[in-house]
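Participant: Here's the letter readout for the chains.
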Amino acid sequence: MTVLEKFYQRDIRALSRIISFVENREEGYRQLLGELYRMVGHGLRIGITGPPGAGKSTLVNRLVHRFVADGKTVAVIAVDPTSPFSGGALLGDRVRMQEFPAAEQVYFRSMATRGATGGLAAATDNIAVVMEAFGYDVVLIETVGVGQVELDIIDACDTVVVTLVPESGDAVQAMKAGLMEISDVMVINKADRPGSENLIDELKSALHLQKRDPDAWQIPIIATEGINDKNIDLLYEKILEHDAFTRNNGRFDAHRREQIKKKIINILRNRFQREFLDTLAGQVSFEQIVDDIYYGRQNPFQVGEDLYDAFGRK
Amino acid sequence: MAEKIRVLLAKPGLDGHDRGIKVIAAAFRDAGMEVIYTGLRQTPPMIVDAAIQEDVDAIGVSILSGAHMTLFPAILKEMKEKGAGDIILFGGGIVPDEEIKELEALGVAKVFTPGAPTEESIRFLREAVGKKKSDEKIM
Amino acid sequence: MYNKKFLEVLKSGLAEWDKKAAKFRDKKSMPRFFTVSGVDIDELYTPDSVEAADTEEYFQEQLNNPGEFPYTRGVHHTMYRSRLWTMRQFAGMGTPKQTHERFKYILAQGGTGLSTAFDLPTLMGYDSDHARSLGEVGKCGVAVDTLADMEIIFDGIDLGQVSTSMTINSPASMLLAMYLAVAEKQGVPFDQVRGTLQNDILKEYIAQKEFIYPPRPSIRLITDMMKYCTDKVPQYNTISISGYHIREAGATAAQELAFTLADGFCYVESAIDAGMDVDAFAPRLSFFFNAHSDFFEEIAKYRAARRIWARHMRFKYNAQDERSWKLRFHTQTAGCTLTAQQPENNIVRVAIQALSGVLGGTQSLHTNSMDETLALPSAKAVLIALRTQQVIAYETGVANTIDPLGGSWFVEAQTDRLEAEAEAYFTEIERRGGVLQCIEDGYFQRELARSAYNFQLEIEKDERKIVGVNDFVLEEEKVEIPVLKIDRQVELDQVAFLKKVKAERDNGKVQATLAKLAEAAKGDGNTFEAMYECSKVYASVGEMCDVLREVWGVWEESQGAMRVS
Numbered sequence: 001m002t003v004l005e006k007f008y009q010r011d012i013r014a015l016s017r018i019i020s021f022v023e024n025r026e027e028g029y030r031q032l033l034g035e036l037y038r039m040v041g042h043g044l045r046i047g048i049t050g051p052p053g054a055g056k057s058t059l060v061n062r063l064v065h066r067f068v069a070d071g072k073t074v075a076v077i078a079v080d081p082t083s084p085f086s087g088g089a090l091l092g093d094r095v096r097m098q099e100f101p102a103a104e105q106v107y108f109r110s111m112a113t114r115g116a117t118g119g120l121a122a123a124t125d126n127i128a129v130v131m132e133a134f135g136y137d138v139v140l141i142e143t144v145g146v147g148q149v150e151l152d153i154i155d156a157c158d159t160v161v162v163t164l165v166p167e168s169g170d171a172v173q174a175m176k177a178g179l180m181e182i183s184d185v186m187v188i189n190k191a192d193r194p195g196s197e198n199l200i201d202e203l204k205s206a207l208h209l210q211k212r213d214p215d216a217w218q219i220p221i222i223a224t225e226g227i228n229d230k231n232i233d234l235l236y237e238k239i240l241e242h243d244a245f246t247r248n249n250g251r252f253d254a255h256r257r258e259q260i261k262k263k264i265i266n267i268l269r270n271r272f273q274r275e276f277l278d279t280l281a282g283q284v285s286f287e288q289i290v291d292d293i294y295y296g297r298q299n300p301f302q303v304g305e306d307l308y309d310a311f312g313r314k
Numbered sequence: 001m002a003e004k005i006r007v008l009l010a011k012p013g014l015d016g017h018d019r020g021i022k023v024i025a026a027a028f029r030d031a032g033m034e035v036i037y038t039g040l041r042q043t044p045p046m047i048v049d050a051a052i053q054e055d056v057d058a059i060g061v062s063i064l065s066g067a068h069m070t071l072f073p074a075i076l077k078e079m080k081e082k083g084a085g086d087i088i089l090f091g092g093g094i095v096p097d098e099e100i101k102e103l104e105a106l107g108v109a110k111v112f113t114p115g116a117p118t119e120e121s122i123r124f125l126r127e128a129v130g131k132k133k134s135d136e137k138i139m
Numbered sequence: 001m002y003n004k005k006f007l008e009v010l011k012s013g014l015a016e017w018d019k020k021a022a023k024f025r026d027k028k029s030m031p032r033f034f035t036v037s038g039v040d041i042d043e044l045y046t047p048d049s050v051e052a053a054d055t056e057e058y059f060q061e062q063l064n065n066p067g068e069f070p071y072t073r074g075v076h077h078t079m080y081r082s083r084l085w086t087m088r089q090f091a092g093m094g095t096p097k098q099t100h101e102r103f104k105y106i107l108a109q110g111g112t113g114l115s116t117a118f119d120l121p122t123l124m125g126y127d128s129d130h131a132r133s134l135g136e137v138g139k140c141g142v143a144v145d146t147l148a149d150m151e152i153i154f155d156g157i158d159l160g161q162v163s164t165s166m167t168i169n170s171p172a173s174m175l176l177a178m179y180l181a182v183a184e185k186q187g188v189p190f191d192q193v194r195g196t197l198q199n200d201i202l203k204e205y206i207a208q209k210e211f212i213y214p215p216r217p218s219i220r221l222i223t224d225m226m227k228y229c230t231d232k233v234p235q236y237n238t239i240s241i242s243g244y245h246i247r248e249a250g251a252t253a254a255q256e257l258a259f260t261l262a263d264g265f266c267y268v269e270s271a272i273d274a275g276m277d278v279d280a281f282a283p284r285l286s287f288f289f290n291a292h293s294d295f296f297e298e299i300a301k302y303r304a305a306r307r308i309w310a311r312h313m314r315f316k317y318n319a320q321d322e323r324s325w326k327l328r329f330h331t332q333t334a335g336c337t338l339t340a341q342q343p344e345n346n347i348v349r350v351a352i353q354a355l356s357g358v359l360g361g362t363q364s365l366h367t368n369s370m371d372e373t374l375a376l377p378s379a380k381a382v383l384i385a386l387r388t389q390q391v392i393a394y395e396t397g398v399a400n401t402i403d404p405l406g407g408s409w410f411v412e413a414q415t416d417r418l419e420a421e422a423e424a425y426f427t428e429i430e431r432r433g434g435v436l437q438c439i440e441d442g443y444f445q446r447e448l449a450r451s452a453y454n455f456q457l458e459i460e461k462d463e464r465k466i467v468g469v470n471d472f473v474l475e476e477e478k479v480e481i482p483v484l485k486i487d488r489q490v491e492l493d494q495v496a497f498l499k500k501v502k503a504e505r506d507n508g509k510v511q512a513t514l515a516k517l518a519e520a521a522k523g524d525g526n527t528f529e530a531m532y533e534c535s536k537v538y539a540s541v542g543e544m545c546d547v548l549r550e551v552w553g554v555w556e557e558s559q560g561a562m563r564v565s
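Residue numbers (our numbering), protein chains in the order written: chain A, 1 to 314; chain B, 1 to 139; chain C, 1 to 565.
A couple of the hints might just be wrong.
What the hints assert, rightly or not - In silico DSSO-like links for lysine-lysine, alpha-carbon gap of 30 Å or less:
#, chain 1, residue 1, chain 2, residue 2
1, C, Lys11, C, Lys104
2, C, Lys522, C, Lys478
3, B, Lys4, C, Lys185
4, A, Lys6, B, Lys77
5, B, Lys82, A, Lys6
6, C, Lys461, B, Lys110
7, C, Lys478, B, Lys101
These aren't lab readings, by the way, just hints derived from the structure by calculation. Note that the structure is a prediction, hence the values are computed from the model and not measured.
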């Protein structure tokens, strides 16, 4: 029996194996994804993002238990950074994911970024597809959270929860970081710490200032204490509300369609880039070109145009 | 892209002595591996379930409570029952030579005793994973 | 003290020496000259190495005489000339009955101090019949499920006459509650009950990891218990603030010092916040440090600890009672330095470590057994460990004079260095929002993991030699490890006994008192009083812990703890 056949029989090992297959981009992974893509329905994909130390893992853990209590099956992807020096990674998110039911109900997978910088690994959205194809009702994705802006999450999820803590700065910083744009639900976690009320007030007035369509979704700001399980029910409710809201007004479909479009463009871009560079590699000496530019005989803009004219216009 | 070694490190038993396993985790990471650390007080079913979900090449456990002759066999049994017998199981702890032989006969790939340099375990893991071959067909 | 002339002579002498020494510096006996904590050490220390050492401020504020603030040279005026340190050997025993017999034996030999080690299920708040307890019951200490076990342990032992130390943390209050319940049954007034509870939950999160609940409710348990004891059990030492485990988990000397004292200050602040008067509880706080292998660094560490504690207690927390300023401590030699290879070498390590504790002015000392990296210590190894202390006390002459290394330029410079490093850590901890927040964010755990990893790398780069491990190895050494036989009967007996107790007790009362405990935990009632009521009707440690788990949840190590840079 092939691994894929076992996968169709809901074998957990097969699921794990296929995730690795996709993650490692092994020979034939695109074909396999194509196969699975047909099975993807419209399950809920939730992203949890925020700076380091925001308590994302704890929130994920709490939310998983809420979904399970409602009879849902959940798959979680937790992304951690790959060390740029060694290429290795220390994936520690499982530490906070104890006492989960069997994998058929809750499946948890750690991923390393392997060089990607947008908060997810390059393969994260594909793996969400695999999980959904396997039959999980909900896919929860936790971003790296190393501080930089992690925008990939919007293209991988339907509902994005941005998590901040009182010490992660003021509302202005949050706005500059683009967090307001990507969030569907805002959480101030560790709200028992000093400064939380201030931050909430600031965020509220910042949101208020933004011009918003009155019919649009109003971003809720929720003060939680993940460790003490405080206000998690409210967070859970708001996530479901956002889901229902976007499904009812067509926003959900529009967003998914947008994601599909981006995905196609992405696939094309990667494909063209790879092919074009491969073609160039055989025929052009980059060393020579760099020399020319470095010593002022040429400039990069002209070189780009010339190369494209010579090799790209097929 | 060359496949990365994925290894799960777990600490079974009720005690909280995680100094050694954290040193190993950092050493493996610095050797370019992806290390999944599960934390303390893991039972054999928890360890094997995690290993399956993470699709790791190897499971490493640190056992300092003296319960190695119970825990290693329990993990092996769990692996077999869940169809994960091909994952490499290794560990570290205070284990006498005779018992190391016994454990290796049961299917534990390697047991490191205190004072073993991290380089040795890195070398071991690379070799063991390199030898592992899978002939399963994906589709 | 140092007049101008002296300084001139010193400077020119040093210049001369430096010129001559330069010729020999190409040759190095070791790749690096650094402490076990990774701190580089100068070639020579001189009067110039100690800042302002010739001023009266230095003498009064940094040093002073023994028994005088800031107690750098010792907390007592006469130190070991009046009373040697207490040679306290900690031991674990299987069933309550075995522990009882051991205690009776110790008392018959004239001992008055009892020390109790508990098994892992008890330490983690699981009853002996819990699935997680399988194979662990009675193994590295005694199993205590209910008051019935405590009654067996202390049967016929007058709790008004003995002092009992109990090494337990997360469920510490429950064990003390049971101990007091025994005292009440014996008719011993609580103000005569003496002993020490380890009860230091903060270092559990940082290092030893035997925690149950999240940090904040755990602190609440401690302040509730301190309130109760300050009122009713005034002779009881409520916390032994422990750096030992922090060091064992990989800390440097400065980290051990800083994190332990920071924990101490956190307890002080919590108790003050809970409405207690600092001088009502601070004299009952004591410390527990590690004696590692770097001889002078360790001595400097103990001296710096006293000075820092005294200053903070007096000036920051406004304690008025001198007893609140004095840092008293117990020392244990470093288990993590003992090697499985050539285990007899461990006797030497322990002796040198123990000596540093004595020269650092410890109040009590435990010396490890040479074979404990291999298995539970043999009787012979335990005896050698005790004899080591006696040799130090009676043969070496080190107890003849107080703080014999005081005034050593090297030791004073290291004492100042460690104090400065600790103060830098206090600032950093404060900046990160305090001890609890640092625990929740995994800061301490990360720092320790980093130090432990660095230490390992130093060994692997051959910058550090560990005798018998990475050098001076015996090729043909075959380590004989005595196989630890697990006596399953201990567990079976204990489980059967627990079953019997649960069947015979008044379960209605148990449920009622447990409900009251839940109520206290949810609200602001005193949880210690509630636990005392639970204990008296034979509610088990596991049942009480479950009630609190339900209310407060359980703690898993912060993911931040893994973010090793």
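Participant: If any of the earlier hints don't hold here, list their numbers in rising order.
Facilitator: Hints 1, 2, 3 contradicted; others consistent.
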